[in-house]
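Student: Put together the whole structure using the sequences plus the hints.
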Amino acid sequence: MNERVNRLRTLSFETPITISAERAALITDFYSANIGKYSVPMMRAKALEHLYANQTVYIGDDELIVGERGPAPRAVSTYPELTCHSEEDLRILNVRPMTRYGVNEAVIQTYREKVIPFWKGRTMRDFIFEGLSDAWQAAYSAGIFTEFMEQRAPGHTTFDGKFYTKGLLGFKQDIADALVALDFTTDMEAVAKREELKAMTVACDAVIGFAARHAAKAEALAAACTDAPRREELLTIARTCRHVPANPPRDFREALQMYWFMHLATITELNGWDAMNPGHLDRYFFPFYQKDCEAGTLDREKARELLECFWIKFNNQPAPPKVGVTAEESGTYNDFTNINLGGLLPDGRDGVNELSYMMLEVMDSIHLLQPQGNIQLSRKNPDRFLQSALKVIRNGYGYPSIFNADGVVEQMVRCGKRIEDAREGGTSGCVETGAFGKEAYILTGYLNLPKILEVALNNGVDPRTGRQIGVATGNVGAFSSFDEVFQAFDQQLRHFVEIKVQGNQFIEQLYASRMPAVFLSVLIDDCIKNGMDYNAGGARYNTTYIQCVGIGTITDSLSAIREHVFETGAVALPSLLAALAGNFKGAEALRTRLLEQTPRYGNDDERADGLMQRIFDRLLDAIDGRPNARGGEYHVDMLPTTCHIYFGSVLGASPDGRLAGTPVSEGISPVQGADRNGPTAVLKSAAKMDQLRTGGTLLNMKFLPSIFELGEGSQKLGALVRGYFRMDGHHVQFNVVDAAMLRDAQANPGQYRDLIVRVAGYSDYFCDLSRELQDEIIARTGHESA
Amino acid sequence: MMMGIIFDIKRFAIHDGPGIRTTLFLKGCPLRCRWCHNPESQGFGIESFSVNGDSMAVGREISVDDAVRLISRDMVFFDESGGGVTFSGGEPLSQPEFLMALLEACGALGLHRAVDTSGYAPTSILLDVAAQADLVLFDLKQADADAHLRQTGVEQALIHENLRALCGTGVPIELRLPVIPGVNDTGLAALCNFLASLPKRLPVRVLPYHRAAMGKYVRFGMPVPLPDTAEPTMAQMESYRAQLKAEGVDVL
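Going down the list, the protein sequences come from chains A and B.
Per the numbering used here: the first sequence = residues 5 to 790.
Per the numbering used here: the second sequence = residues 203 to 454.
One or more hints might be untrue.
FRET-style restraints, in silico, Cβ to Cβ [claimed, not checked]:
| no. | chain 1 | residue 1 | chain 2 | residue 2 | range |
| --- | --- | --- | --- | --- | --- |
| 1 | B | Glu263 | A | Asp387 | 40 to 46 angstroms |
| 2 | A | Glu358 | B | Asp267 | 38 to 44 angstroms |
| 3 | A | Glu236 | B | Arg407 | 45 to 51 angstroms |
| 4 | A | Ser710 | B | Ala367 | 33 to 39 angstroms |
| 5 | A | Glu236 | B | Thr435 | 52 to 58 angstroms |
With a cut-off of at most 20 angstroms between alpha-carbon atoms, the simulated EDC-like pairs for lysine to aspartate or glutamate come out as follows [what the hints assert, rightly or not]:
| no. | chain 1 | residue 1 | chain 2 | residue 2 |
| --- | --- | --- | --- | --- |
| 6 | A | Lys306 | A | Asp351 |
| 7 | A | Lys692 | B | Asp281 |
| 8 | A | Lys384 | B | Asp330 |
| 9 | A | Lys118 | A | Glu91 |
| 10 | B | Lys402 | B | Glu306 |
| 11 | B | Lys212 | A | Asp351 |
| 12 | B | Lys212 | A | Glu716 |
| 13 | A | Lys118 | A | Asp33 |
| 14 | A | Lys326 | A | Glu26 |
| 15 | A | Lys384 | A | Asp351 |
| 16 | A | Lys221 | A | Asp33 |
| 17 | A | Lys166 | A | Glu365 |
| 18 | B | Lys402 | B | Glu363 |
| 19 | B | Lys418 | B | Glu306 |
| 20 | B | Lys212 | A | Asp609 |
If you're looking for bench data, these hints aren't it; they were derived computationally from the structure.
Glycine included, every Cβ here is placed at the ideal spot set by N, Cα and C.
Tutor: The structure is reproduced here in structure tokens:
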């Protein structure tokens, strides 16, 4: 890292994170002045145009790649049209101890006087909650499931490489062709399509205009600049911004700047989940890198500097905060941008190139919270690639995470995607599978599996509130076999999935009709061709995911019931329920028995793993392949992010011996501490889940740094990954830190401000995590070397 | 059905030979090394210890078939890493029929087989085992003959003879030297002389003594044999390695 990069990195790391009201004010101005004037998509495009014509243009000292979402680095925009912060929200954000966002009085005043009065009752969040059924609201507030779209727009989306060979002017030509091809004689949707397409044109011009404003600003700065080398840099920035994104990039630097404008525009237009994911950057940038190096206009060092400047831009854009915050609740600044490296080329060849390695080095040297990175590891990729990734992992930031590229392709082909589209795809956000640049794959919410079992054991009643939220599946006292218990769970599962899906359909339609993502639609095939928005099913592939949480806890819970109630007869089901209701008070011996003598998931033990398979089969049966509202299908994801903490907090004691309120298991990892046979047994258990039938699973493993001290430790870890992937495992991530260090960080957070650890599908600053989450990360079984 | 007694099975064993391995620990050992990491494994047969007032059984009987089934569970990881199975102890050669049956069964599955031995067994048994093994991990605990008897309870001569005999077979051998400060880390010259006298030059791995095992003595109610011995520091280990290398020893 050279001095320039070091200064930019320090600025990005040290600048306090604040809320900027600029976007909220501009969008409110525009909506108040233009309400009723335009069709919905045109309103969105014109709003973007208004934003991009008026928002502050920032070009910082030292910068080579330019553009911010907010008026300055780390000044976070808000999206009142989606969800509007209250004055109280803002005040809490300003003072809460963790993941604080500075909010000054001027921001609060703008919100009080302008933003809140206009948006009250008009946000997407208002429309969503107003229209959902009582059954949905009851299940939601009981913690059976969460809902993604109540805070942010549909997202989880990734770009492919098409805009590196086609500028926005080229896309405008495609849009013009699609407009000409509209059939007003037989297509009842033609008018709607025309509005969408015309809006896309406006959005393209808005983004080109925004780049031009950067060019103008750079020229003005250059004119006033007395430092000759910097003046030259500013003029290069100006030339770059006059050329891209209107035209396809001509060189490496322009390719980076091209991406960055596309990224900014999509995250400014709407606040989609997971910000925006860049896809296979190593692959997209490589032809430019190669050409420039051959021409002698670029060398390794210069390319690396540009990449580092580019990398830092992501970290300048912390995630917008949620609304309805409470003082205790913390969030994350991480916006889940996840860069894919390696994998396969669309024709099936090894996709690793020189930039794959360089980007791993950049990840290692920059080590900021954002962007996150992962490697897509195919059996065709060399071991050197895996070993280079492990070298970065060894430093303990938790990234890159490792995905099974061949398995990811197979998952997509199973769902009917073309094989070349599947290879062009990969994973984004945490672990979600998608066809990059061609798919709207929307995560809709987490499903609390252990809670559903709890409701099943209580005849449809949530024991926490006494409310009937499920169906009556019978009093457990009457169950005479384990199968009856299992069937009660299955019935409740179907009931809640039905409610969730109905809610999803409603929300999907709300977004389709009221909140299109017009600019994003330009960049995702085949929205232009179809004249349809990304949020309305315009993409080539349209997937809806439900993310199931707590497979370890529910497996162990059902295993405990089978073992101790029906097989050994050690405890009757009603007595077990009474013990759970009392949180094992006075039933400590029973709890010990449940904890110690239950076959548990994660030990390569057929008794427990077979049960996991049976539960997973029921999940697929309830969810997989159902039609969604956008012409696509539902699929299952097995990831928790941090939801296993919340889901545990609404759950009483469980039959596996877990105490009330404590976290449930995360991802497809075993219950914390349940795995006793080491990492290979965990991987064997996890691989018994037919992961090719998911859209992603998350497996967390913790190793102590000492494993790398062993001469061949890194090779052995690599073989562990390869073995898991040979069994079709989807993903594995390693936390390489020792518990002593983490405890020290808890005690002395000031000394560990930049300690990044793997949480779940993403990394975060350890000191920004809640105490519970910190404790949990410490508690995750450390697979020490012998 | 052939049965034997083991006291542990460890998957993802990464210190007991190449690749990812599963190590089967056979119970019972004729040696009584003062630094033994697994004192509960020394006795032959299943034993009962009193731990915190509760009785705890150490050792279990297992058939060759069941053991092989357990070992095969990590086949995919053996394949990917060039790993396999390691038979350790205790002293695995003290259950020769069981060990031979295990080696043959694992050989039939194409597994890489390592045997971790003190070398203290009848020579014919060692040679039979070697013929069925892909690697022998051979401990050299103390170069000085008197000290050897004192510290391990057995004569060194048989061990040295056995190693010499083993060198005459084709089996790869890795020598393992535990380094216990103030106990066996002197007398390097004698050790090197012995190594030089062998018909083959053998690779040597030095293993640092761990105090952690001393907790086991307390737990199992046994007297702690080396209460004051410290673990070797990284620097001590490095210096020990350097001295061996200087003597022309092939240190791993």
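Student: Each of the hints needs a verdict: does it hold here or not?
Tutor: Each hint tested on the structure:
Between Glu263 of chain B and Asp387 of chain A the C-beta distance comes to about 41 angstroms, which sits within the given range of 40 to 46 angstroms. The hinted range of 38 to 44 angstroms is not satisfied by Glu358 of chain A and Asp267 of chain B, whose Cβ atoms lie roughly 51 angstroms apart. Range check, Glu236 of chain A to Arg407 of chain B: Cβ separation about 59 angstroms, and the 45 to 51 angstroms hint is violated. The hinted range of 33 to 39 angstroms is satisfied by Ser710 of chain A and Ala367 of chain B, whose Cβ atoms lie roughly 37 angstroms apart.
Between Glu236 of chain A and Thr435 of chain B the C-beta distance comes to about 55 angstroms, which sits within the given range of 52 to 58 angstroms. This hinted pair does not check out: Lys306 of chain A and Asp351 of chain A have alpha carbons roughly 31 angstroms apart, beyond 20 angstroms. Distance hint between Lys692 of chain A and Asp281 of chain B is fulfilled; the C-alpha atoms sit about 18 angstroms from each other, no more than 20 angstroms. Restraint check for Lys384 of chain A and Asp330 of chain B: the C-alpha separation of about 42 angstroms exceeds 20 angstroms, so the hint is violated.
Of the supplied pair hints, the one linking Lys118 of chain A and Glu91 of chain A holds, its CA atoms being roughly 12 angstroms apart against a limit of 20 angstroms. A distance of roughly 27 angstroms separates the Cα atoms of Lys402 of chain B and Glu306 of chain B; the hinted pair therefore is violated under the 20 angstroms criterion. Only pairs whose Cα atoms come within 20 angstroms are accepted, and Lys212 of chain B paired with Asp351 of chain A is rejected, the gap being roughly 43 angstroms. Proposed proximity of Lys212 of chain B and Glu716 of chain A is supported: the alpha carbons are some 18 angstroms apart, at most 20 angstroms.
Pair hint Lys118 of chain A plus Asp33 of chain A holds up; C-alpha atoms about 8 angstroms apart against a cutoff of 20 angstroms. Restraint check for Lys326 of chain A and Glu26 of chain A: the C-alpha separation of about 17 angstroms stays at or below 20 angstroms, so the hint holds. Using a Cα cut-off of 20 angstroms, the hinted pair Lys384 of chain A and Asp351 of chain A holds, with the two alpha carbons roughly 13 angstroms apart. Among the hinted pairs, Lys221 of chain A with Asp33 of chain A is inconsistent with the structure: their alpha-carbon atoms are about 24 angstroms apart, more than 20 angstroms.
With a CA separation close to 26 angstroms, the supplied pair Lys166 of chain A and Glu365 of chain A exceeds the 20 angstroms bound. With a C-alpha separation of about 14 angstroms, the suggested pair Lys402 of chain B and Glu363 of chain B falls inside the 20 angstroms cut-off, and the hint holds. Annotation: proposed proximity of Lys418 of chain B to Glu306 of chain B is violated, straight-line Cα distance about 33 angstroms (limit 20 angstroms). Annotation: proposed proximity of Lys212 of chain B to Asp609 of chain A holds, straight-line Cα distance about 15 angstroms (limit 20 angstroms).
In summary, the numbered hints that this structure violates are 2, 3, 6, 8, 10, 11, 16, 17 and 19.
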